Amino acid sequence: ETGVTQSPTHLIKTRGQQVTLRCSSQSGHNTVSWYQQALGQGPQFIFQYYREEENGRGNFPPRFSGLQFPNYSSELNVNALELDDSALYLCASSSRVGEQFFGPGTRLTVL
Amino acid sequence: DQQVKQNSPSLSVQEGRISILNCDYTNSMFDYFLWYKKYPAEGPTFLISISSIKDKNEDGRFTVFLNKSAKHLSLHIVPSQPGDSAVYFCAASAGGSYNNNDMRFGAGTRLTVKP
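Protein chains in written order, with my numbering: chain A, 1 to 111; chain B, 1001 to 1115.
The set of hints was computed from the structure by calculation and includes no laboratory data. The structure presented is a predicted model; accordingly, all values stated were derived computationally and were not measured. From the three backbone atoms N, C-alpha and C, an ideal C-beta is built for every residue, glycine too. Warning: the hint list may mix true and false statements.
Claimed, not checked - Each pair of labels, with its calculated beta carbon distance range:
hint : chain 1 : residue 1 : chain 2 : residue 2 : range
1    : B       : Asn1057   : A       : His10     : 32 to 40 Å
2    : A       : Asn71     : B       : Glu1058   : 22 to 30 Å
3    : B       : Ile1053   : A       : Arg96     : 15 to 23 Å
4    : A       : Pro8      : B       : Phe1046   : 43 to 51 Å
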């Protein structure tokens, strides 16, 4: 059984650019949640996708958007990058309810 | 808004002793609470959970206690082992047991267990 994978591992962008982060969910899971973890803080909920539809959203602006594909993998897109977007981005896959399994994260640095 | 708070950024204990990690929450709608453990360069892994209908849940060396009136939960690790050294996150959600939507996390406590 393959676990949750994320790509890329690290990424450096400049202010104003756009970025796409990817997440492959664990086999059998149809739900993906994305979190932002800033330095010294806990993960903060961005949004959740269930069967290709957004199923809940945290307090993040519209420039944070996502997609979920028929195979339940997912993308997080961030437009107009700001310095404060520098963080570890975590995705977690799960069934509709139940334990979440986290990937190792993507470290984004915005210069 | 910080609805889940872990006020101790770090904790150091001797191997074999008890580790007690604390967590406070402000949202009375939370009814499902979890602890996650995170090693460097890895994602958080689920450790133990508790529903608001209980006040204690045990799993081996790990016990979580919930005090709803105080909006406080704690994780006890007995006995502590060097391999328990990690960052521990407290998390909470509303909407019933096992609901994983809009989960709120604390800032984490770094536990160091000394041999």
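Hint check:
At about 37 Å, the beta-carbon gap between asparagine 1057/B and histidine 10/A stays in the expected band of 32 to 40 Å. In this structure, asparagine 71/A and glutamate 1058/B break the distance hint of 22 to 30 Å, their C-beta atoms being roughly 38 Å apart. A hinted range of 15 to 23 Å for the beta carbons of isoleucine 1053/B and arginine 96/A is consistent with their spacing of about 21 Å. Checked against the hint of 43 to 51 Å, the C-beta distance between proline 8/A and phenylalanine 1046/B comes to roughly 25 Å, which is inconsistent with it.
In summary, the numbered hints that this structure violates are 2 and 4.
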